[in-house]
Amino acid sequence: MPTLTIDNQTVIVAEGGSVLDAAIALGIVVPHYCYHPALGAVGACRQCAVTILEGSQKGLKMACLIPAEDDMQVSTCEEEAVAFRAQVGEWLMTNHPHDCPVCDEGGECQLQEMTIGAGHGIRRYRGNKRTYLNQDLGPFVAQEMNRCIQCYRCVRTYKDYCGGEDFGVMGSQQRVFFGRFKDGPLESDFSGNLIDFCPTGVFTDRTNRFRTRSWDLQQAPSICPHCSLGCSILPGGRYQELQRVRAGGNRLTNDSFICDRARFGSDWNNHPKRPREARISGEKVEFPYALELLEERLEKLVEEYGGETLRLLGSPRASFEANLLLKKLAEKYGAPAPYYDAHPRRAFAARMAASIPSGQLASLKQLRESDLILLVGVDPLAEAPVLALALRQAARAGARIVALDPRPLELPCDFEHHPLTQESLLRGLSAPEENELLESLRQQLETSQRPVLVGGGELLGGEGLRLLLHFSESCCGSHDCLIFPVLHGPNSFGGGILGATGDSNRNLIEDLENGNVRALICVETDPAIEHSEPGRMQLALSRLELLAVFDHLPTNTVATADIFLPTRTIYECAGTFINNEGRMQAFDPVLEPGIPIVVTGSGGHPPRQFETTPPGSAPRSAVHLLQWLLKDRNDLFGLRRQIIKELPCLRDLDRLAAGDNGRRIADCGDTLEESRTEIWAQEGELQVLPITARYGSDLYSRWSQSLTSRFEEPSVWIHPVEAAERGFVNGQKVVLRTVVGHFHLPLVFKAKMARGRLIVPCLPGTPLEVFTPGGLSLPCKIYSEVDNA
Amino acid sequence: MKKLLLKKEIDAFRKKAQKLEHPREMVIDLLRAIQDHFGWVPDAGVELAADILGVPPIEVEEVATFYDKIYRQKVGRYPIHICDSICCWIRGGEEIAAHLQQQLGIKLGQTTSDGLFTLLPTCCLGGCGRAPSIMVGKRFYGHLTCDGLDQIIAQLREEAVG
Amino acid sequence: MSSTPQLLFKNRIPGKTAFLKEYCKTGGYSALVKALKTMSPAEIVQLVKSSGLRGRGGAGFSTGLKWSFFPSDKPAPKYLVCNCDEMEPGTYKDGELLAADPHQLVEGMVLSAYALNVDEGYIFIRYAYEGQFKNLQKAVAEAKKAGYLGKNILGSGFDFELHLHGSAGRYILGEETALLNGLEGKRPNPRIKPPFPAERGLFGRPTTVNNVETLANIPHIINGGSEWFKGLARNPEGAGTKLFGLSGHLNVTECFELPVGIPLSEIVEVYGGGVWKSRKFKACLPGGASTPYLTAEHMDIPLDFDTLAAVGSRFGTAGVTVFDDKTCMVAVTLNLLQFFARESCGWCTPCRDGLPLVCWLLEKIEKGQGTMGDLEMLKEQYRHIGGRSFCALAEGAMGPLDGLMRLFEQEVIDHIEKGHCPF
Ligand SMILES: Cc1cc2nc3c(=O)[nH]c(=O)nc-3n(C[C@H](O)[C@H](O)[C@H](O)COP(=O)(O)O)c2cc1C
Ligand code: SF4
Ligand code: FES
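Going down the list, the sequences are from chains A, B and C.
Position 587, counted from 1, in the first sequence is what our numbering calls 587; the numbers after and before it change by one each time, with no gaps.
Position 32, counted from 1, in the second sequence is what our numbering calls 1032; the numbers after and before it change by one each time, with no gaps.
Position 140, counted from 1, in the third sequence is what our numbering calls 2140; the numbers after and before it change by one each time, with no gaps.
Treat the hints loosely; a few may be bogus.
To be verified - With a Cα cut of at most 20 angstroms, we get these calculated EDC-like pairs of lysine to aspartate or glutamate:
{"no.": "1", "chain 1": "B", "residue 1": "1019", "chain 2": "B", "residue 2": "1009"}
{"no.": "2", "chain 1": "C", "residue 1": "2186", "chain 2": "A", "residue 2": "165"}
{"no.": "3", "chain 1": "B", "residue 1": "1019", "chain 2": "C", "residue 2": "2120"}
{"no.": "4", "chain 1": "B", "residue 1": "1015", "chain 2": "C", "residue 2": "2184"}
{"no.": "5", "chain 1": "C", "residue 1": "2186", "chain 2": "B", "residue 2": "1021"}
{"no.": "6", "chain 1": "A", "residue 1": "750", "chain 2": "A", "residue 2": "283"}
{"no.": "7", "chain 1": "B", "residue 1": "1138", "chain 2": "C", "residue 2": "2227"}
{"no.": "8", "chain 1": "C", "residue 1": "2186", "chain 2": "A", "residue 2": "416"}
{"no.": "9", "chain 1": "C", "residue 1": "2186", "chain 2": "B", "residue 2": "1047"}
Stated by the list, open to error - Facing chain B, according to a computed beta carbon distance under 10 angstroms, are these residues of chain C, among others:
{"no.": "10", "residue": "2016"}
{"no.": "11", "residue": "2019"}
{"no.": "12", "residue": "2166"}
{"no.": "13", "residue": "2228"}
{"no.": "14", "residue": "2285"}
Source of the hints: derived by calculation from the structure; they are not laboratory data.
For each residue, glycine too, the CB sits at the ideal point set by N, CA and C.
Based on the sequences and whatever the hints tell you, model everything.
Dropping the structure here:
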């Protein structure tokens, strides 16, 4: 670790760090554009000049390209370097338009900051400026090429880092152009990162143009709610409207990148149908009244029929604190411990993941640094997009990636794919020594330096994850083979921790059907969509005497609730999520709840209503509601302290701050839950596997209007050989018959999927929404539409 | 309609692409072949090259737009590159350029309405000893005078008819 | 005039190309036979080193020394790349050589490949050299057929494959790392160094890039020996002959093979036939567009790398472009800088945005609209661009600007004071 001196201040940097890294660590401003910690140095912009006074290379040098050395003496103040930096500023500005006052980047423009930092103020050039025609890059990213300073960060982000294949740099000299071959929407699932990485206003968020100047935004560090990875985000909004999401920085998880689902899928928060008032049997009522009524009815019910007849359902969407309070509520009323996922198989997977010793769990950072990654039953782009980015970084550094999965996987990097069915995967894992492929992989894992096994909870279930853990233990003689479980939601892992003590053999749906349950409280979950058998669940719910729902999404269950209480979203309250690797991460509120002023003011001037509270501001956080029922007066900090006392493995919970890197849970010391028997269907007959679609399968993207352009058309996928055996052609209309219904769908050939299976992506707002991913494949029949008639 | 490339040439390129360890090294060969055959490289040409090489079109476009002798816009049958670098320029290159513009009635960068000639300024053609010089397609002409130019144009016009 | 021994131009007959038959008639491929039979690769590297041969591509680095850094013991594939991009204004010697006698390059490459234990080679040829490309195609085919190229050359067990690559324009491809990107089919931006091509070059493998003329000299050095080669030069420090491409305001603008160390006066008066139109010599570019000007006071300096460096210029490629006394040096410099600005690859800021700014200033001054402030700014540009660009292209562009400031500052001031171009 070299120790060097910059402007008479001494600093130690990591091995391989540059002089620029050292300056940044000291807080010394050396303006730079092409260098970015996540992208590395290429020495193109020439803005970062400093003077090396002592060192193996002396004189004026680019700080990003010079490795820090021991005893190096660096100055950023030598006249020559200062003058040169100002000159580079002038060069870069010769063609830059004078549009700062109206530029969408204004207020958060690195170019502005660094030009001033470089000491350039007055442009002497009076000639013409080069201008460009812009491209239409689709609904997410707007382009304004005249503002480009040719730092090449965009291509390096989109193409090199994210693996996008439809964006590049064209032309040469002073006329290089960054864009697509032809106009059209950017294809990468990570296209929005262009917005964060462009240091000026070339690429801006189209979904948020012309709405707010950046300095007027309310922002707070938060955690992405779309999947289980827990990427850091920085949402911003104004006038009660959540307007945009940028990537936060956490080098242990997402580094500086997020997926488009996270970035452009936040407007569910402002959904026009979002329920914002308390309701009793569908009628709007005052908030306190509904809450008091709920308490009254619960007490009566418990008194009359006993706590046994009350059930509580938490969720991976709800904060850890809310889920914990739910458990307390169960205790208070003598009800059985809550469920933490309406989908029993997902819940089991989460419990299994939570029981993996924390030292055996990998972070995304460790994944990026791995040399051999085995993906088992996981489709990163659909279930955990930023995982795909991490895989790409590992592959770029030379790692091998091997995937075992029935789906026709795509990844932004080279990988080996073995399309095994879900059943053969599970069977293989249960006896890996008898499986040639797994046995050879085991040997390779053993000889690699930093292997990681990635397991998909949806496909493998808890049982599969347990088998995977055993498999990993059999691979690590001298070193660890880490596990990276992929779960369903942002707090699935937290639910797994809380659920571990519950009785795993209870079955909500059967209890509902048997009439053993009279009341159910659902916190931020919609069992009617999320349970593996939605139709059956819906019917079961209708038998309840009391269905109480706390939520913020306009779900059907909300509409049918006897008592409904609107909750705040993660953008409107503080809390904690525990991600798939057991990292506790805090989020802070960005906005107060309320109907956006664009709605109440019909797009014009804010309405002149004279009320003490803004319209739509009734929602309380789920934590608040539960605390009210529990008569618990702790603030969030007090609550966390209380949690630590009960769950020592969360001992760092009270040291979290939103925007930090989060903290891993300590080993909970739980023993692995004994597996229950899964019915592994027989091979051979045709079965259909419902899978997570890239957009729309998680409840938040389902209600994000900005994302609808990305939703796929419903279809059923088949292996071409399988189709040929049955005389089907690609694109043909077929009828798919299953226990959940009959569907008329086009048949799409996918050469890279498993044989013997059909696959349907579960898509909201289409007939296919009755399928829920996360289960086993279902028996089915398929006919051509003509035959069927 | 004129084809981008003959089928047998396409097949040959495809075959070679399969054999090569780094098929991308053929990208300039491919673009040049398409240009020789089609006269210039339209979008479809970039897409064809990308398909043969097994890369997305942008990868080809990034390269195609870098080189000035790959025409990514339609040019006349005889693209005339007029050298404007030092050796030609100090020996009358500007007069040559002015004369051509006047004779053909077009400006630099434009194409004659009969589709025969496009005037393109270019850097040094490697004919510094024979300045001033131009290159028509890949044919080099040096030691030019205005009269000589008129003859060349007339010849090319004849060639085009014949 | 005829006193200079002709090695590279020995078979040159204007308008004709020497192919295998003619080439062999005057001793062609005898060096290859000799080397494969009697010399070890290390001996060849040593011989080239002691011959004093310096790179003919412009930088003038000792060829033998460069080769001695090559990791010839690394496993195949390794590459030898011949740089025939030759797009610097004023430079056309490689084109002349390949128009006259392409087999020299082929033989030179096989010998060099043998010396470096390289198994594959590329010749990178500029777009405008269509004729030379065809010559090389024929020469390669002939050499293959005759057993001078390909597998088991002349029964020695040494294999060498040679490929031709036609480019599609742009000066930056002459920069060796940009050239490698170009060969790979990537955007031809220069690469960051280190790693140097010898370590990681074409397709990530050890690679040496050499100029056409450099490589064509190898057979002659093998045949004649290092002392003989050294002795060819006029000056004691020099070595060998050099192809001088004459251009500009001379009566004769042709390419000659002349001894290294020949003085400028002889080039201008004897070979160039004097300045045209009976005018006076004002200045010249001694070695291509990137070399600072020489003036009449430099007439007697031996033209060689170190001697020209000592007077603030460079030998470069020995493409001598002469300007008569009616020439405006501001306009000349503007023309040269426009070339460099247009040929910038667009990667780094000083080159992409700095050179156009220089052009804007020069144009203003040339039109008589400049101020003394502009002159100051021009000097600043020179100070800031020089040595600070990503590759040597922008650095080269500073050659003429340096010459203008150093030697013709008064001419610049005249433009400014008179308010118009005095020529
Ligand atoms: C902008 C630029 C253009 C160049 N063009 C050429 C060229 O056309 N031919 C050439 O041989 N070397 C050229 N060079 C030099 C090469 O980079 C390289 O040094 C040379 O090919 C090495 O060969 P040599 O050692 O035999 O001279 C150029 C360098 C730069 C920076
Ligand atoms: S588009 Fe933006 S990121 Fe890309 S080079 Fe231009 S300024 Fe940089
Ligand atoms: S940050 Fe160092 S050159 Fe761009």
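For each hint, the structure was consulted:
no., hint, verdict
1, 1019(B) to 1009(B), "holds, 15 angstroms"
2, 2186(C) to 165(A), "holds, 15 angstroms"
3, 1019(B) to 2120(C), "holds, 16 angstroms"
4, 1015(B) to 2184(C), "holds, 18 angstroms"
5, 2186(C) to 1021(B), "holds, 15 angstroms"
6, 750(A) to 283(A), "violated, 49 angstroms"
7, 1138(B) to 2227(C), "violated, 42 angstroms"
8, 2186(C) to 416(A), "violated, 26 angstroms"
9, 2186(C) to 1047(B), "holds, 16 angstroms"
10, 2016, "violated, 17 angstroms"
11, 2019, "violated, 21 angstroms"
12, 2166, "holds, 6 angstroms"
13, 2228, "violated, 29 angstroms"
14, 2285, "holds, 7 angstroms"
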